[in-house]
Amino acid sequence: MAMRRGRPAGTLEFKDVGTHEGPLLVVDDVHTSFRTARGTVRAVDGVSFEVHEGKTLGIVGESGSGKTVLSRSIMGLLPPRDVIRSGTVHFAGHDMTAMEDKELRQVWGAELSMIFQDPMTALNPVKRIGVQICESLRLHLDMDKKEAVSTAVELLRSVGIPSPEERVRWYPFQLSGGMRQRVMIAIALACAPRLVLADEPTTGLDVTVQAQILDLLADLQRERHMAVILVTHDLGVVASRADDIIVMYAGRIVERAPTRTLFSDTKMPYTQALMDSIPRLADPSGARLLAIGGRPPDLINPPQGCRFAPRCPYAQDKCRESDPPLRTVGSPDHLFACWFPLVDGKSTAPSVPVSLSASSSSAAPVAGASDPDPTAEADA
Amino acid sequence: MSEPATTDPTANQDGDIVLDVKDLVVEFKSGRQRVQAVSGVTFQVRQGETLGLVGESGCGKSTTGRTLVQVQAATSGAIVYQGRDLNGMKGKELRQLRTKIQMIFQDPISSLNPRRRIKDIVAEPLVIWKRGTKEERTAKVHEMLDAVGIDAEVAGDRLPGEFSGGQCQRISIARALMADPDLLICDEPVSALDVSVQAQILNLLADLKEKFRLTMVFIAHDLAVVKNVSDRVAVMYLGKLVEVAGSDELYRAAAHPYTEALLASIPEPDPDHASGHKALTGELPSPLNPPSGCRFRTRCPYVQARCAEEEPLLRDVAPGHQVACHFPVGPAAGQVAPTATTADAPTV
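Listed in order, the protein sequences are those of chains A and B. Counting in my numbering, the first sequence runs from 953 upward without gaps. Counting in my numbering, the second sequence runs from 24 upward without gaps.
Just so you know, the hints here were simulated from the structure itself, not pulled from any lab data. Bear in mind that the values here come from a model prediction, so they are computed numbers and not experimental data. Yeah, the Cβ is synthetic: ideal placement off N, Cα and C, and Gly gets one too. Each hint should be verified, as a subset may be incorrect.
As the list claims (entries may be wrong) - So, partial list: chain A residues that the calculated Cβ filter (under 8 Å) puts toward chain B:
id, residue
1, A1163
2, H1185
3, T1211
4, S1237
5, R1247
6, V1281
As the list claims (entries may be wrong) - From the derived model, a few chain A residues whose C-beta atoms are all more than 10 Å from chain B:
id, residue
7, D981
8, T1020
9, V1078
10, R1109
11, Q1268
12, A1301
Using the sequences and the hints given, assemble the complete structure.
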């Protein structure tokens, strides 16, 4: 407790973060399970990926796909009991999974921070927002009170809160949902972290405010050269903002590709189904949405074979029997887990009902999908 | 009201007007002040159509929805449902009429009593009205749960906590349909759901509307969702309607700068879409102290001097398409509002 103020010398310095070579975050074969009365829930089941300096990764999946547990596993924010975890998370070369709580606390907020979904419950309702922003500034950057307050005002200004000198003394309840989420962003960015994990940062906000918040995050990311992991259930949210997208289903990655490739050359029927379920403005009113039937599987007893098979319109016997590995065809950047990947929006499965393949291909999101340049990265 | 809103809408011209809302005003007390959440809203809903009501949080769309079922009293104005004014109606008469108008709420989980079994929750409207025998009620519960895609045998004895958000919303819909309503008010029924589940519920609502010949008022903040389900859309901003048009017309020829901004803020699942998008700046002004003239002027990219001085009234820019803007955009651009009508401008 003597080390409350400032960074304790010697134990763990993150000075080398800036000079660290290679990917900023390396997640390797992470498994996270919870012991419950009904059995073991395998919420995250073997997930690996990398995030590079300054890049944006989108993680997309339905409720129950394990995306939130994954982001908490990366942060080390899991409950102390009844959790079984394996795999490693290297942040700037340091293994986060091997860190003590004390060490984690030096990383949290300072180098790696998180924006939570619900800004009302994530902010302390009985503390002024200024105090909440100053907390990490004083702890990590060893600022004195005056300096911290003036920095907090600047931060509030940078996230677009009008008259920040006055608002710094306000309580969370005095702010609207969008403003509270801006405060959350200000807190997350206070110590200029290298990586920000945003877990559904705009769910529950109006579409107009959502656009503002996402634009703000993108601007700050450019200015500060941060890496961002954007976790969401809505492919529309990440479509124009992420460099790469991971699609998760039932605790696993089912497709991973550079954003443009994912949309132009979708391989996994689940990704396609997620895209098709979004109502499009360009469609005439009353157009029937291509909803995915059923629900994600129970992660205590996941189905044998491909976990999406029970809901997949193209499922074959092979899909129900054996688990498709995450693999590539052509481009090394484009990974997918499907025995019969889509080609130009059409299934390659041998026996597909005609009506299904017709309805699905007519809803292919991008016309003229051809094999894209493997090195194509969406320009930020 | 001398409102152009009374002209026939493009869609459903043959339908009879089932709901006629005239100059609806809802005020709340805030300390010593009075806040107008709804400041004079006029619209009609025709038999069998779906009217979408869209706007940001705080624009008064939910308050409007709540006055339609009279869980919120209107300060002034009329809500004429099948020839009878609901506003001011009390007691038995209101309770009986209200069975015909049912509401579905935003948060599916908190709108179901967590300690009651699904079959009891769904049967309650019939129990309250003492309709049918126990067997008939059970049969009806099965029928309605079946209609919303819930297996009554399996689900009937369970508690709401055992179901996902999408399933709870299906159960709420089944309950709303138990009393054979004619009009269904849906207040943000899908905004708490995942996009994949949202698509299921929107398709379900479309099917049920057909099956039970329902008329719907669909309230949401996402114009893409509203457009999908609605025949006509009314856009609300700070307690007032700013544009009313057929859904496809609204998308094709948005005339109000606010509608344009709402359309632009929808995230399209297309990586190349972002280029043309401009986010709306700022937030909704406080309804305690609304801006003079046009209420949208503080955030409008095309604001002019006239907008601060004179309130724009809803007027026709095309058949069945009304806008409240002095200087409309899109295909209606150039149809500057005449100044003459404003001398004795009634607050719409």
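Right, here's what the structure says about each hint:
Among the interface hints, the one on A1163 of chain A holds; its C-beta lies about 4 Å from the nearest C-beta in chain B, closer than the 8 Å criterion. Among the interface hints, the one on H1185 of chain A holds; its C-beta lies about 4 Å from the nearest C-beta in chain B, closer than the 8 Å criterion. About 5 Å separates the beta-carbon of T1211 of chain A from the nearest beta-carbon of chain B, less than 8 Å, and the hint is met. With a cut of 8 Å, the hint placing S1237 of chain A at the interface with chain B holds, because the nearest CB-to-CB distance is about 4 Å.
Checking R1247 of chain A against chain B: minimum C-beta separation of about 7 Å stays under 8 Å; hint holds. The interface hint given for V1281 of chain A is broken, as the beta carbon of that residue sits about 21 Å from the closest beta carbon of chain B, more than 8 Å. Remark: the non-interface label on D981 of chain A is consistent with the geometry, its nearest Cβ contact in chain B lying 27 Å away (cut-off 10 Å). Residue placement check: T1020 of chain A keeps its beta carbon more than 10 Å from all beta carbons of chain B (closest about 12 Å).
The beta carbon of V1078 of chain A is kept farther than 10 Å from every beta carbon of chain B, the shortest such distance being approximately 22 Å. Chain B leaves R1109 of chain A outside its interface by the beta-carbon criterion, the shortest separation being 15 Å against a cut-off of 10 Å. The beta carbon of Q1268 of chain A sits about 23 Å from the closest Cβ of chain B, which is more than 10 Å, so the claim that it is off the interface holds. Consistency note on A1301 of chain A: stated as away from chain B, and its beta-carbon is indeed over 10 Å from all of that chain's, at 21 Å minimum.
Hint check: a violation occurs at hint 6 only; the rest are consistent with the structure.
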